[in-house]
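Chains as they are written, first to last, in my numbering: chain B, 2 to 164; chain E, 6 to 63.
A couple of the hints might just be wrong.
To be verified - Below, a sample of chain B positions facing chain E; criterion: calculated Cβ distance under 10 Å:
# : residue
1 : Leu8
2 : Leu10
3 : Leu12
4 : Phe15
5 : Val24
6 : Tyr31
7 : His88
Said to hold, decoys possible - Listing some non-contacts, in silico: residues in chain E with all C-beta distances to chain B over 12 Å:
#  : residue
8  : Arg7
9  : Thr9
10 : Gly16
11 : Gly55
None of these hints come from the bench; they were simulated from the model.
Since the model is a prediction, treat every value here as computed from it, not as a measurement.
Virtual Cβ for every residue (Gly too), placed ideally from N, Cα, C.
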Amino acid sequence: MRKNLFLYLTLACFVGIIAIFVVDGYLGIYDNLFVASGEREEEIGRDSRPWQESVRIDWGEKAFFCYEVDNRQFSDYTADVEVSLWHSQEKVADLIAQPISVASFDKGQLEWVLDTAELIPGDIPTEQGYEFTVVIKRGEIERRLITHVRPAPYPPKPVIPAP
Amino acid sequence: MRLTFILFGFGILFCIAGIGYLAAEYVKYLSEVGKIVSLLLTVGLFSFLGKYFEGLGW
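Just chain B, same shape as in the assembly (with noise of 0.2 Å):
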């Protein structure tokens, strides 16, 4: 009986970290966020490890980010998204803000897009880097993203006007 007991035991602890590996591993609310610019798509944070800080995208471009939110509960999950561009502590723009609704064991996504080209200041000139922090807030949980715009490698030439 003893012998059996040790071999329970071992069982136990067996399972034991079979049920935490699912329930805190693989259970909860995850989300990630795509970021497609130019021709290269960014995935900048996967499930529960740490997000990336930063993406680069070329002056003028724009990136279109999706924001995946993976709904790993036995309930539906529902959520406000609001997403806003800021630039030195201040609000830029508001890009986007509406609810998000994920059934259960499901994945849910919001699209928007930021044009580097419209939200730039124009007093820029073209051949300085600019960056923005998208801010992205879904319910408690808040994101930061910091937007790097490259300078353009070529700056266009003045026009000469013509004698």
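Mind docking chain E on chain B? Use the hints.
Relative to chain B, chain E alone:
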């Protein structure tokens, strides 16, 4: 007979390596509390397994 034991040995080694690899990958998703409890349970698991084999006369 000896070949069978060698094959068993390889099988067990591959199983342990596979489970170890999966655990190392998956542990990233655990919270800090989950990690420490898993570690304690792993220690308990091997301790009880040792006691079990000790009881068998190994």
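Hints, verified against the model:
Restraint check, B/Leu8 versus chain E: the minimum CB separation of about 5 Å is within 10 Å; hint holds. Interface hint status for B/Leu10: upheld, as the beta-carbon distance to the closest one in chain E is roughly 4 Å, under 10 Å. At about 9 Å, the closest approach between the beta carbon of B/Leu12 and any beta carbon in chain E falls short of 10 Å, and the interface hint on this residue holds. Interface restraint check: B/Phe15 against chain E, minimum CB-CB distance 6 Å, threshold 10 Å, status holds.
Taking 10 Å as the C-beta cut-off, the interface hint given for B/Val24 holds, the closest approach to chain E being about 8 Å. A hinted interface residue such as B/Tyr31 counts as satisfied when its beta carbon comes closer than 10 Å to some beta carbon of chain E; here the least separation is about 9 Å, so the hint holds. Nearest Cβ of chain E to the Cβ of B/His88: about 34 Å, over the 10 Å cut. The hint is violated. Every CB of chain B is more than 12 Å from the CB of E/Arg7 (nearest about 28 Å), matching its label as outside the interface.
Residue-level check passed: E/Thr9 sits 25 Å from the nearest beta carbon of chain B, beyond 12 Å. No Cβ of chain B approaches the Cβ of E/Gly16 within 12 Å, the least distance being about 19 Å, so the stated non-interface status holds. Separation of E/Gly55 from chain B is inadequate, the least Cβ-Cβ distance of about 8 Å not exceeding the 12 Å criterion.
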